[in-house]
Amino acid sequence: MGARLHMQTVITAGVILVCAGLVLYPLFFLGQVALNTGDPTAWPPDQYGLDNFDGLFHSPGILLNTLHVSALATAMAIVIGFTMAWILARTDVPWRGTLESLMSLPYYVTPLVGALAWSALAAPNSGFLNQVWYAVGGVQPLFNINSPLGIAWVMALFEGSVAFVMISAAMKSMDPALEESSQVLGAGKFETMLRVTLPLVAPAVLGATIFVFAEMLGSFSAAAILGMPERFYVVTTAIWTLVIRFPPDFPLAAAMGISLFGVMLAMMYLYGRIMRATTYVTITGKAFRPRLMQMGWTRWLLFAVCVAYLVVAVFLPMLALLYVSLLKFATIFPKDIIWTLENYQTALNLGPVRSALGTSLLLGLLTATVGVLLMGLLSWIIYRSRTPGRGFLEYIVMFPQSVPRLVFGLGLLLGWVVMPIPVYGTIWLLLLAYLTVFMPLGVRTVSGVMVQLDKSVEECARVCGASWLYQLRTVTMPLLRPGLSAAWVLLFIASVREVGTSVLLVGPRTKVIGPAIISSWESSGLQLTAAMALIQVTIVFAALLVLLRVAGRMARIEGE
Amino acid sequence: MRLTTATSTVVLILLMLVAAPDRGAAETAAIQSSCPTPTEVKGFLTCADVDKAEAEGAVVYYGPDIERQIVAFLQKFNALFPKIDTKQYLREQTGRLYAKLNAERQAGTYLADVLALSDLAPAFDFIKKDGYVPYVSPQMAAYEPRFRSDPPGYYTWYTMVLAGIAYNTDVVSEAEAPKSWKDLLDPKWRGSINFKDSASGLQGAQWFMLRKLYGDQFWKDMAKQQPRALPSTVQQYERLINREDKIIGLAQYSTFLEFKAKGAPIAFVVPTEGLVGTAQFVGVVSKGPHPEAAKLFLDWFLSPLGQEIMSREFYHHSPRPDVAPPPGGKPISELNILFPDWNEYIKAHTQYVRAWNALSGLR
Chain A
1 MGARLHMQTV ITAGVILVCA GLVLYPLFFL GQVALNTGDP TAWPPDQYGL DNFDGLFHSP
61 GILLNTLHVS ALATAMAIVI GFTMAWILAR TDVPWRGTLE SLMSLPYYVT PLVGALAWSA
121 LAAPNSGFLN QVWYAVGGVQ PLFNINSPLG IAWVMALFEG SVAFVMISAA MKSMDPALEE
181 SSQVLGAGKF ETMLRVTLPL VAPAVLGATI FVFAEMLGSF SAAAILGMPE RFYVVTTAIW
241 TLVIRFPPDF PLAAAMGISL FGVMLAMMYL YGRIMRATTY VTITGKAFRP RLMQMGWTRW
301 LLFAVCVAYL VVAVFLPMLA LLYVSLLKFA TIFPKDIIWT LENYQTALNL GPVRSALGTS
361 LLLGLLTATV GVLLMGLLSW IIYRSRTPGR GFLEYIVMFP QSVPRLVFGL GLLLGWVVMP
421 IPVYGTIWLL LLAYLTVFMP LGVRTVSGVM VQLDKSVEEC ARVCGASWLY QLRTVTMPLL
481 RPGLSAAWVL LFIASVREVG TSVLLVGPRT KVIGPAIISS WESSGLQLTA AMALIQVTIV
541 FAALLVLLRV AGRMARIEGE
Chain B
561 MRLTTATSTV VLILLMLVAA PDRGAAETAA IQSSCPTPTE VKGFLTCADV DKAEAEGAVV
621 YYGPDIERQI VAFLQKFNAL FPKIDTKQYL REQTGRLYAK LNAERQAGTY LADVLALSDL
681 APAFDFIKKD GYVPYVSPQM AAYEPRFRSD PPGYYTWYTM VLAGIAYNTD VVSEAEAPKS
741 WKDLLDPKWR GSINFKDSAS GLQGAQWFML RKLYGDQFWK DMAKQQPRAL PSTVQQYERL
801 INREDKIIGL AQYSTFLEFK AKGAPIAFVV PTEGLVGTAQ FVGVVSKGPH PEAAKLFLDW
861 FLSPLGQEIM SREFYHHSPR PDVAPPPGGK PISELNILFP DWNEYIKAHT QYVRAWNALS
921 GLR
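If you read the protein sequences in the order shown, they are chains A and B. Those letters in the first sequence? Residues 1 to 560, per this note's numbering, in order. Those letters in the second sequence? Residues 561 to 923, per this note's numbering, in order.
Here chain A stands alone, though its shape is the one from the complex (with noise of 0.2 angstroms):
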């Protein structure tokens, strides 16, 4: 018993050390670096003052900026993500199961992919819905996709899904009897959904926006797409471009870095004190049963309220992406159109397509298998041990939701390129990466799971004589197995879809898909680019198929 506590404990040490490392590392870099006035390029700094925050708040353009675009962001992605979540949790629109499993497509499409096609849908003068606009006497462009607003908007689609899963989330476990009295009580639905509905789940929907503010705060894609071609810089788009110039700034990079981070700390405690808080009033030891509302003609409406958003968010985005992408050069304007099918012949051919969807691919697979298997570990010490520590541990293995993943990535570049080991330029820096900015993830994941095991059945297994290690392999991961495989497909896809981190991070043996379609966007133009996305999003999706199959039919092999 002594001697398996004592493996216990140090494999527990381990692991508290090996993750503290991981989150703590790079920020111990980033800070060091904002605060050195001396040579930006030396290391280490022979010079320590604040210099640096004091010009970033002496003008305060982009810090401004940021805050602009994340609230536009965060208010759209609310209003989108409170309406769907209640015509999906709370009516008997049509299809709902199938509505419900579509409301994922924006995620997977990602806000790089989907800001390159609203870019071809809503430019000023060249957007195809604009033209349509001139062509019935517009003067004026109706949409402009490069203002704060088209930034704010395109964040909004492919980032605000998060807003979509929260609120649902509460919707579903309210009591529907609170509804029903108020119908009863003579008010209308709509008047019940903003009277009643939305106050019940009022502190979720206050979570999701203050959880979605943070995400936006950090954004990267849709505004180095959108924003840089036009002047407008937000926090990681500056630092992203201070970094990769010679010579590169990097204390005044890092210094935004930390301001961002310091912002999104306080943005993230807060939601922690309004989730700790309050309390689910609504969810009750009663048993109720949920019953969806009865909307009558109106259920059309609410459909077309749903096939709305999904077109917007996928089909015409993807329509776009196919129209540039079979052009030989970009052009909206009939009489310049050439077609082609040269665009799909060349993006075989380069280096992004080739080896990046392969570096992706294998990146995403080593970081759901390895990420599995640690982040299982760690939920089990969180909340199935009783080592001390523990407290702590959750708390370093949910910092990374408060860091900037391309502050992040900045911190791994300043902290790797000084070290011995020569691994910057690595798959296996990504793969660190990867592994501490979605620890959050994987953990949330699992412990979701964990929470719901019962302990004596653990207990049971150790009364009877297993050690820790064979406990774990035999009785908590199998029964574990729903959230661990949960975690590995989020992983997956989480590691797929990448942008912020990797962009400082890639290199010639290290190309990923996210940054390449930045790169080529940059150097190769939007009709090569879309046809690399296009290739890009169906191979990833073809790849999620068949492991999701693979799984199904895992469980159902053991399941007989």
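Hints were generated in silico from the structure; no laboratory data involved. Small disclaimer: the values here were computed from a predicted structure and weren't measured. By construction, the Cβ of each residue, glycine as well, lies at the ideal position given by its N, Cα and C atoms. Incorrect hints may have been included.
[Stated by the list, open to error] Distance windows between CB atoms, simulated:
no., chain 1, residue 1, chain 2, residue 2, range
1, B, E704, A, Y48, 48 to 54 angstroms
2, A, Y48, B, K822, 35 to 41 angstroms
3, B, V731, A, G448, 44 to 50 angstroms
4, A, I539, B, K643, 25 to 31 angstroms
[What the hints assert, rightly or not] Straight line, CA to CA, 30 angstroms or less: simulated DSS-like cross-link-like pairs of lysine-lysine:
no., chain 1, residue 1, chain 2, residue 2
5, B, K647, A, K328
6, A, K328, B, K822
7, B, K806, A, K328
8, B, K602, A, K328
9, B, K739, B, K772
10, B, K742, B, K784
11, B, K688, B, K847
12, B, K784, B, K636
13, B, K748, B, K688
14, B, K748, B, K780
15, B, K772, B, K688
16, B, K748, B, K772
17, A, K328, B, K636
18, B, K636, B, K806
19, B, K890, B, K822
20, A, K328, B, K820
21, B, K643, B, K688
22, B, K890, B, K739
Mind docking chain B on chain A? Use the hints.
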């Protein structure tokens, strides 16, 4: 006697003046390559050990050119030497490329074999850091001294990148199109001009030359025009063809020729002051993983074979006099080109990056 001395001095000066154009040729002929007897392989001369190069199995190229051109160019080399893989490459605009390369080397990761840049400031910095392997290609004799590093062998020009002004002919008439660089300051172009971003060496050359011609005020006035700064020449032309912008304030000639050949509705203006020019140059990187393959690749790159592909397929002007100008392009001798004084330019480089970032909205 005094008269005779004076006369002979004049004659000497005259002789020197007359001989000046040939001085380069004389030096060119005198240059010694890295090996006494280069071997001829697949139609070009090289000092590399071809067997060793093939055993190394790959060459890794870092360059600022258009990505699809890099891929096509590397594939041509791979077709000649199928045992040397060329699938690994890194394409970024010069400033970014060099920042990445530096970060890798600082981290002790050596991935690049051959480095191409379009800005001399990072190249000088790289020489200081012993980043280049001095390798005098047997091809060097065909390059004038101004097209190679001093001493030769660190880097050699592989194209002259030239830029003027371009406009969309569907939107701007020939009469109203700018004729000189100064015409770009006309308020009618406000909000509709694009340039390159501060990672571009060509942009640095333009910033330097127009500042020299018209003083700091030129760029201060340009800031009022709210120009866009873009990360590549392709994006500049795409925005022009799409009518998102009306004018390219720094229009690369090679990209113009390529898009024009595709049928795009664009026109090119050689400003009255002259075109702005900079170099794209290439060298072998020290501590690279494939040193012999790098030398072989460089020799092919600088040979007429490699240079003709650059010119014929990618529309670049070769510094080699024996390579024809790109299809549809004028020969260098017919163009008035403003090249910066490189020493002065390098001194002003940090100032350029800061000024250009501020001018393009990053503040």
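Exercise for review: Using the beta carbons of I539(A) and K643(B), state whether their distance is inside 25 to 31 angstroms or not.
Suggested key: 29 angstroms, holds
Review point. Is K772(B) within 30 angstroms of K688(B), Cα to Cα?
Key: Holds. K772(B) to K688(B) sits at ~27 angstroms (cutoff 30 angstroms).
Review point. Regarding the pair K748(B) and K780(B), is the alpha-carbon distance no greater than 30 angstroms?
Key: Since the Cα atoms of K748(B) and K780(B) sit roughly 17 angstroms apart, the hinted pair holds (cutoff 30 angstroms).
Check your understanding: Do the Cβ positions of E704(B) and Y48(A) conform to the proposed distance bound of 48 to 54 angstroms?
Key -> Holds, at about 49 angstroms.
Exercise for review: With a cut-off of 30 angstroms on the C-alpha distance, tell me whether K739(B) and K772(B) pass.
Suggested key: 19 angstroms, holds
Practice item. Measure nothing beyond the straight line between the CA atoms of K806(B) and K328(A); if it is 30 angstroms or shorter, mark the hint as holding. Key: Status holds; Cα separation ~20 angstroms.
Review point. Has the hinted range 35 to 41 angstroms been met by the Cβ atoms of Y48(A) and K822(B)?
Key: 54 angstroms, violated
Check your understanding: Going straight from one Cα to the other, do K688(B) and K847(B) come out at no more than 30 angstroms?
Key -> 15 angstroms, holds
Practice item. Would you check the hint for K602(B) and K328(A), treating anything up to 30 angstroms between C-alpha atoms as holding? Key: 35 angstroms, violated
Review point. Is the Cα-Cα distance between K328(A) and K820(B) 30 angstroms or less?
Key: Given that 30 angstroms is the threshold and the Cα spacing comes to 12 angstroms, the pair holds.
Review point. Would the pair K328(A) and K636(B) pass a check requiring their Cα atoms to be no farther apart than 30 angstroms?
Key: This hinted pair holds, its Cα atoms lying about 23 angstroms apart.
**Study point:** Pair hint outcome, K647(B) versus K328(A) [Cα-Cα no greater than 30 angstroms]
**Key:** 25 angstroms, holds
In summary, the structure is inconsistent with hints 2, 3, 8, 12, 13, 18, 21 from the numbered list given earlier, while agreeing with the others.
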